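S.K.: Going down the list, the sequences are from chains Y and R.
Quick note on our numbering: the first sequence kicks off at 1 and runs consecutively.
Quick note on our numbering: the second sequence kicks off at 331 and runs consecutively.
No lab work stands behind these hints, which were simulated from the structure alone.
Incorrect hints may have been included.
[Said to hold, decoys possible] Just the calculated beta-carbon pair ranges, DEER-fashion:
#	chain 1	residue 1	chain 2	residue 2	range
1	R	THR565	Y	THR116	51 to 59 Å
2	Y	THR45	R	ASN530	43 to 51 Å
3	R	LEU828	Y	GLY42	39 to 47 Å
4	R	VAL815	Y	ILE39	28 to 36 Å
5	R	ASN530	Y	THR49	30 to 38 Å
6	Y	ALA43	R	LEU355	43 to 51 Å
7	R	THR568	Y	VAL82	33 to 41 Å
8	R	PHE943	Y	THR131	18 to 26 Å
9	R	VAL683	Y	ALA184	56 to 64 Å
10	R	PHE684	Y	GLY308	30 to 38 Å
[To be verified] To be clear about the criterion: a stretch of chain R counts as covered by chain Y if any three or more of its residues have a C-beta under 8 Å from a C-beta of chain Y, and this derived list gives those stretches:
#	region
11	427 to 436
12	611 to 622
None of these values were measured; they are calculated from a predicted model.
Where a beta carbon is used, it is the ideal one built from N, C-alpha and C, also for glycine.
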Amino acid sequence: MVAAMHALAAMGWAQSPSMFRPAGPAAEQIARLGWLFTIVAGAVTVIVTGVLVAALYRRRPAHTSGIEPSGDPRGPVRWIIVGGVILPAIILVVCFVATLITQAAIASPPRPTVATVQVTAHRWWWEVRYTGMGADQTVVTANEIHVPAGRAVRVNLVSNDVIHSFWVPELAGKTDVIPGQDNAMWLQANRPGVYRGECAEYCGLQHAHMDFFVVADAPTDFAAWLARQRATAVAPTDAAAAAGLAVFHRSACAACHAIRGTDMLGRVGPDLTHVASRQTIAAGTLLNNRGNLAGWVANAQSLKPGSGMPNVPLDGPDLQALVAYLETLK
Amino acid sequence: MATVVAASDAPRAQLTEIWETPRGLLGTLTSVDHKTIGKRYLVTAIAFFIIGGLEAAVMRAQLVHSNMHLVSPEAYNQLFTMHGVTMIFLFASPVLSGFSNYLWPLMIGARDMAFPRVNALSYWTFLLAGIFLYSSFLVGQAPDGGWFAYVPMTARAYSPGLNIDFYTLGLIYLGMSTTIGAVNFIATFFTVRAPGMSLNRVPIILWGTLTVSFLIVFFMPSLTVASIFLYLDRTIGTHFFDPANGGHPLLWQHLFWIFGHPWVYIVVLPAMGLASDMIPTFCRRPLAGYTFVALATIATGVVGSGVWIHHMFATGLPPMAMSFFSGASMTVTIPSGVSIVAWLATMWYGRPVFKVPFLFMIGFIILFVIGGVNGVMTAPVPFDLQLTDTYFIVAHIHYVLLGINVFPVFGALYYWLPKMTGRMLSERLGRWVFWLMFIGMNLAFFPMHITGMLGMPRRIYTYPSGMGWDAANLISTVGAYVFAVGVLLFLVDLVRSLRVGPLAGNNPWDAPTLEWSTTSPPPPYNFAVLPTVRSRYPLWEDRLHDGATSIVDQGPVLDDGRETIGTSALDADPMAVIHMPADSAWPLLLALALTVVFYALLAVSWTWTAIGFLLVFICLAGWLSPSRIARAGGGT
C-alpha cells in the first residue's frame with residue numbers, strides 16, 4: 001500500500017487536485033461517502049464477476065439431449081429474488097442513508113462564515129470581489145481566492161455570460177454558475193495551502209484554461225493580505241515603471257483593465273491593481289513571471305486562442321517598460 | 331386465401347413475385363422490405379460508428395500528453411460534440427432500430443412490419459438527418475456546444491455561426507425519424523404477431539424495443555420542443571432561455587434531460603433484449619426468469635423516466651428535491667440487477683458453449699456491472715458534486731454505452747449476420763475482435779475513473795503538465811487504439827465472410843426462435859407459410875418436452891397479394907388478413923422534401939421553407955392518394 005502510494009506520487013499524482021485528498025470539512029465528508037461507494041462498487045463488481053465465472057465453469061453432470069430443459073423454475077426465481085432484488089435493496093438503503101447524512105452534513109459549514117466572496121465567472125477567468133467585511137474600500141482580484149485557514153467563507157456565484165461551474169476538488173463539490181440564478185456555496189480549508197480550482201462546466205473555446213487557486217492563509221496572514229489588497233496601486237518609483245504606466249495609459253490596456261489609484265478603471269478584464277501578487281496569469285494558464293507577462297501581452301491569442309485579451313502590438317522597449325510596471329503592482 | 335398448406339407445397343415462385351423488390355436503382359430507392367431497411371439501418375449506423383470513432387481517435391491523440399496542439403480548440407470542441415451526437419443519435423439508437431427492423435417480423439412470424447412505407451420513411455429521414463448534421467463540416471461550422479448544447483453558450487450571442495442551427499434542426503429532423511420508427515414498432519408489436527404468440531411468448535428484444543418506443547413517443551417531444559425554442563431564440567429573437575428577458579437557462583436543461591436520461595435507456599434496453607435472446611442459445615436452455623426480465627425491462631423504462639435531475643445536481647436545486655431523484659436513480663439498479671441475475675442463472679443452470687457471440691455476452695455482463703456500479707457512485711448528491719463533469723463520468727457513460735450497447739451489438743452481429751447474409755463470420759478472427767475490443771475498452775476507459783477522481787474536468791482540449799494526469803491519459807489513448815484495431819478486424823472479417831464465409835444454413839447455432847426456421851438469408855416473403863406459435867422456443871419444443879407444439883411447417887400461405895395475419899393484442903388470436911402496401915417512392919420523396927424544409931430553415935429563408943412545405947404536402951397527397959391505395963391493396 002505504502003509502496004503503491006510512493007509509486008503514484010512518483011508519477012506526479014501527488015500534485016493533482018484529488019477529491020480523495022480532502023483539505024476541508026465538506027470535501028472530507030464527501031471523500032468518506034466516496035470511499036463507501038467506491039468500496040461497495042468494487043465489491044459488487046468482484047462478487048458478480050466471481051459468480052459469472054462460477055456459473056460458466058462449474059462442474060456439470062454428464063448429459064445427453066443437447067438442451068437443458070427449463071427444469072424447476074424455483075431455482076432461478078430464488079436467484080432473482082435474492083440476488084436481483086433483496087441484496088441490492090439492502091445495499092442501496094444503506095448507501096442512501098449514508099448519502100442523506102452526508103448531504104445534511106455539507107449543507108452548511110461547521111461554524112458560521114467569516115467572510116463573503118463574490119466570484120463572477122467570465123469567459124474564461126474568475127473575478128473575485130470581497131464584500132461585507134466592514135471595509136470601506138473594495139477588494140477586487142482575479143483567479144485567486146484568499147481565505148483564512150480553518151474558517152468558512154461564503155462564496156456567491158454570479159455569471160457574466162454563460163454557465164460555468166465552480167470547483168475546488170480538495171475543498172468541496174461543484175456549484176454551477178448560472179446567469180439569471182444566484183447560487184452560493186461555502187469553502188473552508190483546514191490548513192494553510194494552495195488548492196487548485198477549475199471551471200467544470202463546458203463553457204466554450206477556452207474551457208480548458210479557466211483555472212483558479214484558493215489560497216488558504218493563516219488568519220493573521222489573511223488579514224495582512226486583505227489589507228494589502230485594499231490599498232490602491234503604488235505609484236511608479238523608477239523610470240522604467242513610470243514609462244510602463246505611460247504605455248499602459250496610451251495603449252489598449254486601459255480600455256479593459258482597472259488599476260485602482262489611477263484613472264484607468266476598465267471593467268472588461270481582470271483588475272490589475274495587485275497583479276504582481278498573483279501566482280498565475282490568464283486563469284492558471286501561465287506562471288506569473290516577467291517572461292510570461294511579456295509573452296501574454298504580446299501574444300495572448302496564440303497562448304489562449306479566443307481569449308478576451310487581444311495581442312497588443314508594442315515595440316520591445318515599450319513592452320519591457322510595461323512589464324516592469326506591472327511587476328511593481330504587488 | 332387463408333387455407334392451411336404444407337410449407338413444401340407453398341407456391342414459392344408466386345410469393346417471390348409478390349414480395350420481391352425489383353432489381354435496379356428504382357427498386358433500391360422504393361423498397362419497403364423490412365429486411366432491406368433493417369440492413370440499411372445497420373450499415374448506415376455502423377458507418378456513423380466508424381466516423382464517430384475516427385473523431386474519438388483524433389481526440390485521444392490530442393490528449394495523449396499534456397499541452398498537445400494537434401488540433402485547435404475550435405476543432406476539438408466540434409469533434410467532441412459531433413462524437414457524442416454521432417454515437418448517441420446516429421449510431422447507438424439506429425443500430426438497434428436496424429436489428430429490430432430486420433428481426434421483428436422474422437421473430438414474430440410476420441411478413442413485414444405493420445407499416446412498411448412508414449418504415450422506409452423512418453430510414454430515409456434518419457439517413458438524410460445524419461447527412462444534414464454532417465454537412466455542417468462542409469462549411470466548417472459543425473455543432474460545438476456539446477451533445478447537450480447548454481444555453482446560453484449556444485445562444486446567438488455566444489455562438490453566432492450556423493453550428494448550433496445545424497444541431498437544433500438536425501435533432502428535430504432526427505427526432506421525427508425516431509418517432510416515426512417508434513410508432514411503427516408499437517403498432518407492429520400489437521397487431522401482426524403470429525397466431526398464438528401471446529405476450530408472454532415474444533422474444534425479449536420485442537419488450538426492449540417496445541418499451542423504448544413508448545419512451546420515444548413520450549419523451550422525444552421534450553427534446554423537439556427544446557430545439558424549437560432554441561431555434562426560435564436564435565433566429566427570431568424569442569426569449570425562452572434568456573434570463574435578461576424572463577427566460578431561464580435551466581429550462582433548457584430540464585427539457586433536455588427529461589428526454590436525455592430516458593434516451594440512455596432507449597439505447598440500452600433493446601441491446602439488453604438482444605442479449606436476453608442470445609444467451610439462452612449459448613447456454614442451451616431457456617432464459618431463466620423470462621417474466622422477471624420482461625418486467626424489469628418495462629420497470630427500467632418507467633423508473634428511468636424519473637431520474638433526469640441527477641444530471642443537474644450542481645445547478646443549485648432544492649436539496650429535498652434532489653434527494654428524491656438521488657433515491658430514484660439508485661432504484662434503477664434493481665431492475666438492472668434482476669436482468670443480470672437472470673442471465674447468470676441462465677448460465678448456471680445451462681451448459682455454456684463459448685462461441686464468439688457468447689464471448690461478447692460475457693464481456694457485456696462484466697462491463698454492464700462496472701457501468702452500473704460506477705453509475706450508482708454518481709447517484710448520491712454529495713459525491714456527484716465531485717464526480718460530475720469530470721473524466722469519471724466519461725468513464726461511466728462509455729462503460730454504459732460501449733458495455734450495454736456496443737458489446738451486445740457486436741455479439742448480435744456475429745450471431746445474426748449469418749441469417750442476414752447466409753454466411754458465417756470467422757470464429758478465430760471473432761475471438762481476436764472480442765479480446766481486442768474488450769481489452770482496448772477497459773484500457774481506454776478504466777483509467778478515466780482515476781483521472782476524474784484526480785480532478786480532470788471533461789471537455790478540455792488540453793491539460794497542463796504536472797497534474798498527475800499524463801500517465802492515465804497515455805494508457806487511455808493506447809486502449810482507444812487497441813479498441814479501434816478490434817473494430818477494423820471486424821470489418822476485415824465481415825468482408826471475408828461476405829466473400830468466402832462458410833454457408834450458414836437455416837439455423838447454424840441451433841437456436842430456438844422463429845427467425846431460424848426460415849432460410850439464411852430469408853426469402854422476400856420471410857415464411858412460405860405463416861407459423862402458429864405455442865411456446866417461447868418453437869424450435870426447441872421437441873427437446874424441451876414441455877408439451878408445446880408450435881407449427882412452423884404448415885399454415886396459411888396468403889398469396890393473393892402482399893398480406894400478413896393480423897392478430898389480437900394480448901393472445902395473438904387471428905383476427906384478419908392485413909393487406910400490405912407495395913414498394914413506393916413516396917417515403918424517399920417525402921424525406922427529400924423534408925430535407926428541403928430543414929435546409930430552408932437553416933438558411934432562415936421563409937420562401938424556401940414554404941416551398942419545402944408545399945413539396946411535403948404534395949408528397950403526402952401522393953402517398954395517400956386513394957387510387958394508389960386501391961392499386962396496392964393496402965394502406966400505409
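S.K.: For every hint, state whether the structure bears it out.
M.R.: Here is what the structure says about each hint:
Hint check: R:THR565 to Y:THR116, Cβ distance near 41 Å, so the stated range 51 to 59 Å is violated. Checked against the given bound of 43 to 51 Å, the beta carbons of Y:THR45 and R:ASN530, roughly 33 Å apart, lie outside it. Range check, R:LEU828 to Y:GLY42: Cβ separation about 43 Å, and the 39 to 47 Å hint holds. Look at R:VAL815 against Y:ILE39: about 35 Å separates their beta carbons, and that is inside 28 to 36 Å.
Distance hint for R:ASN530 and Y:THR49: a CB-CB separation of about 32 Å, consistent with the stated range 30 to 38 Å. The hint said 43 to 51 Å for the Cβ distance between Y:ALA43 and R:LEU355, and at roughly 59 Å that hint is violated. Taken as a hint, the range 33 to 41 Å is violated for the pair R:THR568 and Y:VAL82, whose Cβ atoms sit roughly 55 Å apart. At roughly 55 Å, the beta carbons of R:PHE943 and Y:THR131 sit outside the given window of 18 to 26 Å.
Roughly 60 Å separates the CB atoms of R:VAL683 and Y:ALA184, a value that falls within the hinted 56 to 64 Å. Checked against the hint of 30 to 38 Å, the C-beta distance between R:PHE684 and Y:GLY308 comes to roughly 60 Å, which is inconsistent with it. Under a criterion of three residues with beta carbons nearer than 8 Å to beta carbons of chain Y, the stated coverage of the region 427 to 436 of chain R fails, only 0 such residues being counted. For the region 611 to 622 of chain R, the stated coverage by chain Y is satisfied: 7 residues place a CB nearer than 8 Å to a CB of that chain, which reaches the threshold of 3.
Of the numbered hints stated above, those contradicted by the structure are hints 1, 2, 6, 7, 8, 10, 11, listed in ascending order.
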